Amino acid sequence: MEKMSRVTTALSGNALTGRTMHCHLDAPANAISVCRDAAQVVVAGRSIFKIFAIEEEQFVEKLNLRVGRKPSLNLSCADVVWHQMDENLLATAATNGVVVTWNLGRPSRNKQDQLFTEHKRTVNKVCFHPTEAHVLLSGSQDGFMKCFDLRRKDSVSTFSGQSESVRDVQFSIRDYFTFASTFENGNVQLWDIRRPDRCERMFTAHNGPVFCCDWHPEDRGWLATGGRDKMVKVWDMTTHRAKEMHCVQTIASVARVKWRPECRHHLATCSMMVDHNIYVWDVRRPFVPAAMFEEHRDVTTGIAWRHPHDPSFLLSGSKDSTLCQHLFRDASQPVERANPEGLCYGLFGDLAFAAKESLVAAESGRKPYTGDRRHPIFFKRKLDPAEPFSGLASSALNVFEIEPGGGSMSWFVDTAERYALAGRPLAELCDHNAKVARELGRNQVAQTWTMLRIIYCSPGLVPSANLNHSVGKGSSCGLPLMNSFNLKDMAPGLGSETRLDRSKGDTRSDTVLLDSSATLITNEDNEETEGSDVPTDYLLGDVEGEEDELYPLDPEHVNPEEPEYVLPQEAFPLRHEIVDTPSGPEHLQDKADSPHVSGNEADAASLAPVDSSFSLLSISHALYDSRLPPDFFSVLVCDMLRFYAEQGDVQMAVSVLIVLGERVRKDIDEQTQEHWYTSYIDLLQRFRLWNVSNEVVKLSTSQAVSCLNQASTTLHVNCSHCKRPMSSRGWVCDRCHRCASMCAVCHHVVKGLFVWCQGCSHGGHLQHIMKWLEGSSHCPAGCGHLCEYS
Amino acid sequence: DKRIRVSQPLTRGPSAFIPEKEVVQANTVDERTNLLVEEYSTSGRLDNITQVMSLHTQYLESFLRSQFYMLRMDGPLPLPHRHYIAIMAAARHQCSYLINMHVDEFLKTGGIAEWLNGLEYVPQRLKNLNEINKLLAHRPWLITKEHIQKLVKTGENNWSLPELVHAVVLLTHYHALASFVFGSGINPERDPEISNGFRIISVNNFCVCDLANDNNIENASLAGNNFGIVDSLSELEALMERMKRLQEEREDEDTSQEEMTTRFEKEKKESLFVVSGDTFHSFPHSDFDDDMIITSDVSRYIEDPGYGYEDFARRGEEHLPTFRAQDYTWENHGFSLVNRLYSDIGHLLDEKFRMVYNLTYNTMATHEDVDTTTLRRALFNYVHCMFGIRYDDYDYGEVNQLLERSLKVYIKTVTCYPERTTKRMYDSYWRQFKHSEKVHVNLLLMEARMQAELLYALRAITRHLT
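Protein sequences, first through last, are from chains A and B. Note that the UniProt record's numbering gives residue 775 to position 775 of the first sequence, counting from 1, and the numbers run on in steps of one. Note that the UniProt record's numbering gives residue 15 to position 15 of the second sequence, counting from 1, and the numbers run on in steps of one.
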């Protein structure tokens, strides 16, 4: 009601009232126009031409202008416009190219006034001058715009669009002599009505036809255009070159655009095809419409604001043969249904997270920003009352920063580059990968590889000396390099099963929290989220504290530095067997007495761990030899893979999956595999390890993954002559029709690999150039350059 | 061998209508064509269609590009399906040339050879396409949203909309191309395989037989009509005179709207008699009746082979309202829909239509600097007129003034039942014009036909969507 009272003042006492309503027409409408008194609307179409009075509760048909028994094509209207100065004056554009004016003041039944038959093709648009009573402008398919003086029988002047069809013409509201016209080829022209010889200005606004344009009612020089390319653009014409100020991307080609009165940044659009709704956009928020009217069942063909100073009433006509009045307060607001949440990683592993302000506000008191870098930094935008949708869909942004140095992922890159995944016997692959892991200080991983080798390869092949050596080496040099990731890996391995379960549980609940975004991410969320990708040292203290508590309860699990490469295997694949053997527990118990060392201290040079691993390995040998079928371990191995994946080390999971191939693949369901593959590939690509990622794609057995490198295999090149992009084939330029890449040696077109010297830019077939360079180091093209190839 | 047996062409060169040297001469000069072929050809060789089209290189480029896109580039349908659809489309007009070409391509792209035994061997889903193939080819105005719904909503064999649009684009393209093939008398490809002992058996009812017919008739008709060179020269002058008058005096002439409507109706009705009369004279044995014998070779790709074009005008307007061009245009509506469901094809087709509509060398026969806009528009709109599409802003009286009867016969035959085109028809209109100009006419007819079919199909899809 408050709004209504404001409307009343704006209209100087002549308040508009009404409700959302519609009335059925007999035929589809092509265009509508409102009388200046805001009480009548004219609807025109192929077989309809009527004037309706807009009453409080309904539309009432006032006048049918289609008279005569067999109406002629002159009445088949493509467009209609009502003069904004003279209530009795209307003009229509007919599909057969005739422009007709109508005088409602005529006493006879036939109100037709004048007939202009100057256009050869369909007239797409007619437009009255906003202040002059007698000036009418038309734009036609034949590429001409004509200006008529209604006191004369034919046009005063003709403007040529160079045989491009004119889609819309609009007089500027502010500049007396200016009008804009839009064209089928995407151009917009600005004309001075006094100078028909050439346009004042021309620019390309859209790709494809520009269907409509509208001058801003208040801002001089603002022009909105809508095109078949599904865009609405707002141009500032006051500057030297037309400047694109805003761009709204809609979902279908834009048929009409109309600025909303009294709302500087709002405009209404409807589309030509497929989409039947009317949208009101705030051009500053181009992604979500401010309001949406969904009444029509077929495309909307005409929209008009009822009164030039009332922003709440919109009229529309449609192909579904209805005329509608929409009230702004009844519009549906997509913003209300919007989900203003987002999550994104930064370049250096920072995490930004936006959630609805109302949700975050409740939590923010609990977790204030304390200066600790691990805590979220909390942004809250100052509310700007002028800003659209304020309060409706604003989000609070949290940024979680990473501890400097803690996020180093060099181990990941190194591992990815150095792992061998195929092409050698399994045993060698395992050994190689174990070695790589060990050299990077990832001892648990290294040990896993060794174990895998033992499980899946014939036992006699493990040279114990080698094992000894490598494990010893790992323990001495590995630890200093070790980063927090390993520690995190270690944590569940160290703990008993309960600990593992707990951590799993945590992860799950965290995920829930993240998904629902119901709360601010707590500290734990923080570590978990980052841990999945970029672990922090922060974990260390936390986890270790719990470890300490656990030790007394669990005599099996000892020395926190060693279990990294011993116990994980024990905790998972071999646990039961170890319990059986008498030596195991004793041995480990000894270890429990050794000083407790935190992961980053590198004093693990003692021989004890070597012993322990050695003994364990011997045990597994025996087990394998004696009676177990080869697939006995596959369940455990699968558990192990899942464990790694859950820990965020999807690299390990995928690498093992590839290396073991058929041996384990069948035990893990396709979807999980696919999920691992895609996450690993995604990670690799983030680190720009294209070759590795492609290798992984190639080696994957999952259908969905292996087709990844089949897509977008195009390499775009520019022509060496005209510098334009070569769209179809790499060796022929579409524009200058020359072969772009000639081999300097054989003078033929190079269609495959083209190698060239970056100094003189001559080159050719890879083989030819290689052969040439064996004999001479000068450029084969004879340019005298001493070519260098890397 | 699944190829259809075709009799040996009687003439050498790519076309039976155009002397070999006309085409070949143009070709050797044109480097550009070879580049284009290298870029876009799917068969990897300069086939006869391309050779003839290369008389208009500008157009050839957009043609090849769009054809390459719909056959080879990203699209919702698998490659072999695309070729099979092309075969189905070409089979509607018994165009053995296109069928053979795509049988090869179909097998090359990994299609299942068994499908080539006929429609009963293909999956139900492809078979379902048969109905709209038939309608599109002969009576596109009968396509309704129910046809679309049936395809889209039949459960397990259903078509997704993007797939359907792709299929429709292919169907219309190959119907239209069949028109071009027959209209320009494209000869079968000389196949290297032929030498390996496979004897070509002459089969009736293909273009060769038409040619044979011609040879018998030609002399008689020539003698009978007695077209002298002087006559046709003055004919040309008269035509140009009329074009000029139409361009200049358009404004003075003030015809009532009722008159305009009647002119459209008249043109429509006349088109009805235009050909039937001629066909009657040309083929007194009426071997081209609906129940004409089609070799099983071709008919295995289609059902209901007797279904053919029926004059739009004959149907009576109360049942079938005229398609008002302004209510559903390619630029506004067709493009948006096609591009939405099958991305980028819209731009390619748009460019092709624009290209063919605007293509001109400003020449007519021996005259230069002629504005041929009215003539081109008359050709384009006359084709649409026969498919029941009417332009409000066009005076169909122009058609009558610009297109002579023999040309109308040719147009009607080429667009509605191209398989009946004969060399006599091709020769009998515009005697003074160059062959390249006649090919230009064929291009216009082909694209106009494709657009007409496409408009009807897309309108049905739009109605299904709303």
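No wet-lab data here; the hints were simulated from the structure. Misleading hints may appear alongside valid ones.
Lysine-lysine pairs mimicking DSSO-like chemistry, simulated, CA-CA at most 27 Å apart [unchecked claim]: (1) B:Lys-434 to A:Lys-319; (2) B:Lys-127 to A:Lys-120; (3) B:Lys-244 to B:Lys-145; (4) A:Lys-751 to B:Lys-150; (5) A:Lys-698 to A:Lys-751; (6) A:Lys-723 to A:Lys-698; (7) A:Lys-62 to A:Lys-319; (8) A:Lys-120 to B:Lys-244; (9) B:Lys-150 to B:Lys-127; (10) A:Lys-120 to B:Lys-150; (11) B:Lys-153 to B:Lys-134; (12) B:Lys-438 to A:Lys-319; (13) B:Lys-268 to B:Lys-150; (14) A:Lys-698 to B:Lys-266; (15) A:Lys-319 to B:Lys-150; (16) A:Lys-153 to B:Lys-438.
Derived CB-CB ranges, DEER-like [claimed, not checked]: (17) B:Gln-401 to A:Arg-109: 35 to 41 Å; (18) A:Val-399 to B:Asp-344: 55 to 61 Å; (19) A:Arg-36 to B:Thr-363: 42 to 48 Å; (20) A:Ser-160 to B:Tyr-121: 43 to 49 Å; (21) B:Asp-369 to A:Cys-263: 34 to 40 Å; (22) B:Glu-146 to A:Leu-327: 45 to 51 Å; (23) B:Gln-401 to A:Arg-195: 34 to 40 Å; (24) B:Thr-363 to A:Asp-37: 26 to 32 Å; (25) A:Cys-263 to B:Arg-32: 37 to 43 Å; (26) A:Arg-109 to B:Glu-146: 37 to 43 Å.
None of the values given here were measured: they were computed from a predicted structure. The beta carbon of each residue, even a glycine, is placed where N, CA and C say it ideally should be.
Going through the hints against the structure:
no., hint, verdict
1, B:Lys-434 to A:Lys-319, "47 Å, violated"
2, B:Lys-127 to A:Lys-120, "46 Å, violated"
3, B:Lys-244 to B:Lys-145, "43 Å, violated"
4, A:Lys-751 to B:Lys-150, "47 Å, violated"
5, A:Lys-698 to A:Lys-751, "25 Å, holds"
6, A:Lys-723 to A:Lys-698, "35 Å, violated"
7, A:Lys-62 to A:Lys-319, "21 Å, holds"
8, A:Lys-120 to B:Lys-244, "15 Å, holds"
9, B:Lys-150 to B:Lys-127, "13 Å, holds"
10, A:Lys-120 to B:Lys-150, "42 Å, violated"
11, B:Lys-153 to B:Lys-134, "20 Å, holds"
12, B:Lys-438 to A:Lys-319, "41 Å, violated"
13, B:Lys-268 to B:Lys-150, "31 Å, violated"
14, A:Lys-698 to B:Lys-266, "67 Å, violated"
15, A:Lys-319 to B:Lys-150, "24 Å, holds"
16, A:Lys-153 to B:Lys-438, "43 Å, violated"
17, B:Gln-401 to A:Arg-109: 35 to 41 Å, "37 Å, holds"
18, A:Val-399 to B:Asp-344: 55 to 61 Å, "40 Å, violated"
19, A:Arg-36 to B:Thr-363: 42 to 48 Å, "54 Å, violated"
20, A:Ser-160 to B:Tyr-121: 43 to 49 Å, "59 Å, violated"
21, B:Asp-369 to A:Cys-263: 34 to 40 Å, "55 Å, violated"
22, B:Glu-146 to A:Leu-327: 45 to 51 Å, "38 Å, violated"
23, B:Gln-401 to A:Arg-195: 34 to 40 Å, "38 Å, holds"
24, B:Thr-363 to A:Asp-37: 26 to 32 Å, "58 Å, violated"
25, A:Cys-263 to B:Arg-32: 37 to 43 Å, "55 Å, violated"
26, A:Arg-109 to B:Glu-146: 37 to 43 Å, "42 Å, holds"
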